[in-house]
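*Asks:* Here is what each chain is made of, one letter per residue.
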Amino acid sequence: MLGNQAVARGCYEAGVKVATAYPGTPSTEITEYISQYSEIYCEWAPNEKVALEVAIGAAIYGKRAICSMKHVGLNVAADPLFTVSYTGVNGGLLIAVADDPGMHSSQNEQDTRNIAKAAKVPVLEPADSQECIDFVKKGFEISEKYDTPVILRLTTRVSHSQSVVEESSREEIAYEYKKDIKKYVMMPAMARKRHEIVEKRLNDLKEFAEKTELNRIEKGESDLAFITAGIAYQYVKEAYPDAWVLKLGMVYPLPERLIKDFCSKFEKVYIVEELDPFLEENIKAMGIRNAVGKEIFKMTGEYSPSFIRSAVEKMQVEPHYRLNEELAPRLPILCPGCPHRGIFYVLSKIKDIIITGDIGCYTLGALSPFNAMDTCICMGASVGMAHGISKASDKKAKAVAVIGDSTFVHSGITGLIDAVYNKSDILLLILDNSTTGMTGHQDHPATGYTIRGEETFKLDLVSLCKTVGCSVVEEINPYNINENIKKISTLIDMPGVKVLIVKAPCRLHRRYKYVLSKRYIDKNKCKNCKLCLSLGCPAISLKDVPTIDQNLCLACGMCESICRFGAINSVKE
Amino acid sequence: MKENLNILIVGVGGQGNILLSKIIGEVFLNVGYDVKISEVHGMAQRGGSVVTYVKAGTKVFSPLIDKAEADYIIAFEKLEALRWIEYLKKEGILIYSDYEIPPMTVITGAYKYPDVDKIVKELGVKFYKIDIPSLLTKIGNSRVQNTIMLGVFSRLIGIEESFFKKAIENNVKPEFVEINLKAFAMGRNVDLGEV
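Line by line, the protein sequences give chains A and B.
Throughout the first sequence, residue numbering follows the working numbering, covering 1 to 573 in sequence.
Throughout the second sequence, residue numbering follows the working numbering, covering 574 to 768 in sequence.
Simulated from the structure, these hints should not be mistaken for lab results.
Remember, predicted model here, so these are calculated numbers, not experimental data.
There is no bait here: all hints are sound.
Taking lysine-lysine and the DSS-like style, the derived pairs with C-alpha atoms no more than 25 Å apart in a straight line are:
1) Lys543/A x Lys691/B
2) Lys711/B x Lys543/A
3) Lys265/A x Lys219/A
4) Lys314/A x Lys640/B
5) Lys193/A x Lys120/A
6) Lys685/B x Lys543/A
Sequences are here, hints too, so could you generate the full structure?
*Replies:* Here it is as C-alpha cells:
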C-alpha cells in the first residue's frame, strides 16, 4: 500500500470524521484515498489555511480531523497552526505534512520539523506504510491525551513508496462539545494562561517521549551506532543491518535521557537525517559530544544506503557499466495538446515584457523553447509581484502575471484586489484549464465539482474579476494563436488592471472530451522552416523534416495554425 | 528463486511506469517476497525522465535502488535505457523498447540523440531490444507498451504466467483488462532467441 494511502487507511480506522486539504505533491493522495471512505466528510479547500481552519473547527467540536498538505502549504497554514497550539483540541487533530527532499516537485526544500518546533507541536515521523497507519492512530491518541495538534511528518519516499500493511476495522470516536472561552477564544488575557499550559505540555510530552514505543533501540552486533528517523532509518538499516540503531518515531520533543544513555555506550554515534540538522542540533544541545551529523552527511537532497556508506566509510560505489558521453537531459515539458503551450508561444513572441509566473504545470513556460517567465516564488505571488514591478518602474515596465485557475483561487485573488485598489497597470492571464493540473486533476471552487465529483456552485472567474474592479475582463481561447498575439500586445499597453481568462480544459482530463483529429506533416509541402518545432511539442521532432509522432499527438491543431505553408493537416480517419 | 530482486522501470513521464510497478510488485508479493515500490509523481511526470523502483526480498528496508544494484532494467524509451545503465548489476539484464522520444534538448539542437544500440553493445550489457512501435501498430493501441514489456519480463523472471495475469486483472480498469492481457501475451511470444 502507498504511504499516502496508508495515512488515509489509518484515518479511516481511527474514526476520523473530517478530512481537508489543498492538493500538493507529495501529499495529494492522502485526501484522494480518504474520499473513498463514505464515513469521512472530506473536501478540497481553496488553500491550506482554510483547510486547517475547517479541521480545527471539526476537532474543537469533538470529532477527529486531519488536514493534509505539502511542506510549503504549512507556511500558508502557519497562522492558525501557531494558535491552535495554544487552544488545543477536543477531538484529535492531525496535520499531515509531506516534505520533499530532493525537490522532485517543489520550489524549496524546507524542513517541517523547524516549523513544528516553533509552534511547539509534537511531530511523529513514520518510516514505511505500516507505520503510516500506526502513527496516525497514535497521533490521534497523543492529540487527545495531551490536548495538542500533532504533526505527522512525511517525506516523498514514504508518501510515494508502497509497502505491506495489515488493516483493521474502524472505531467511531466522538467527544462532547463544551463552550469554553478561556480555552478557545485567544485574546491576550486568555492566551497568556494558555501559553503556560503549552510549556507544561511540552514538558509532559518530553516525559512521554522517554517511554513511548514510538522510540526504540534496535540492538546491533557491531560497534557502529546510529540515531535516525523516517525514511533515513530504512537507508541506515539497509546500509548497516548489524549496527545499533535508536529509531525515533517521535522527532519532537526528544527523549533526552534515552538519547544520552544510548550515546554514552558508544565511542561515536552517527545522526542520519535528510535536510536540516534538526535532531543533531537538539542532541548536541543536550551536551552530547560524540554525535556526528552534518560534518559528513549533506544538508541538501535525498539520501540513499550507498550515500550513507560512502559518508561513513569515505568510499564511493562504482557502477559496473559507465557511460563516456553526457546524455541529453530530459526536463519536464508541457504535454502534447496542452493549452498552456499556446499562451507561452504568444508571450515568447512579444518583446520587452516582464512575466511573473506562479506554481503549476505552466511554470514550465519558463524553460526552452519559450523562456517566457521571469519569476516563480510561491502560490499566488505572480499577481502581487507584477504589481510591485509596475510600481517600482513608475509604470514603465510592462508587467504580465501568469497564474493557473486553482492557484488564483488559492491565493491570487487578494493580490488582484491589491493591484486594483492601488491603481496598478498590469495584465493578468488566468490560465483556466478547469482543474488543478500538476497534482493530477483535483477539483477546486471554479470547476463546479467537489472532491467526490458532486456538482456544486461554480465560482465564476469573470464576474469575480469584474466585481473586484478590473478595467478589462475577457475570456480568450489559447488555441487561437494569431488572434491572441494581437490582443495581448494591445492590452499590455493599456492602463489599469486587465484580466484575460485563458480558457481551455487540460487535455488529459477525463471529464472533457475532444473530437480527436491528429495532425501529420505533408513532406511535399513542408519547407523545413522548423517553426513548428518552436512550439516545444513532444509529439513533433526533427527527422529529415519535422515529423509528428502519431502515438503522442493529441490533436490540438496549434502546429497547423502556425504553419505558413499549409503543410500540417488533419489525419483522415 | 533469488533471495533479492531489484527492478528499475524507466521511461518518460506518462508511459505507464507506475501501473507496471504495481503489477510486478503484486506478483512478487504473491510468490512470497516482502516488497517495496517507490514512484515519482507531480512535476517530474510532465514528460520528464522518470524512474520507478521495485524491490523484493525476505525483508526490504530502503525502497530505493542504488547504482550497480539492479537485476533488471525495463526501459520504455531508448535514451532513458542509457541514462540509468549505471544502476545495472554486472550480471543484470536490460530490456528496452526500440522507441525514441527525443527530449526538448535534442529538438532544440543542444544535444544529439545517442546511438543507443551501439553503446549498449559496446558496454557488453546483456540486453533484449523489443520492437515496440511495430507491436503497438499490430495490436492497434498505443497505450499498452507497459504490458507488452511485462510479457517479456515474465518469461525472463521465471515466475508462473498465471501470477501475472491475475495481477493485470487486479490493477487494470475492467474495460482495459482484455486488451492488456492480449498485449501481455504478445510480449510473452516475442522471439527472444535463447533465454
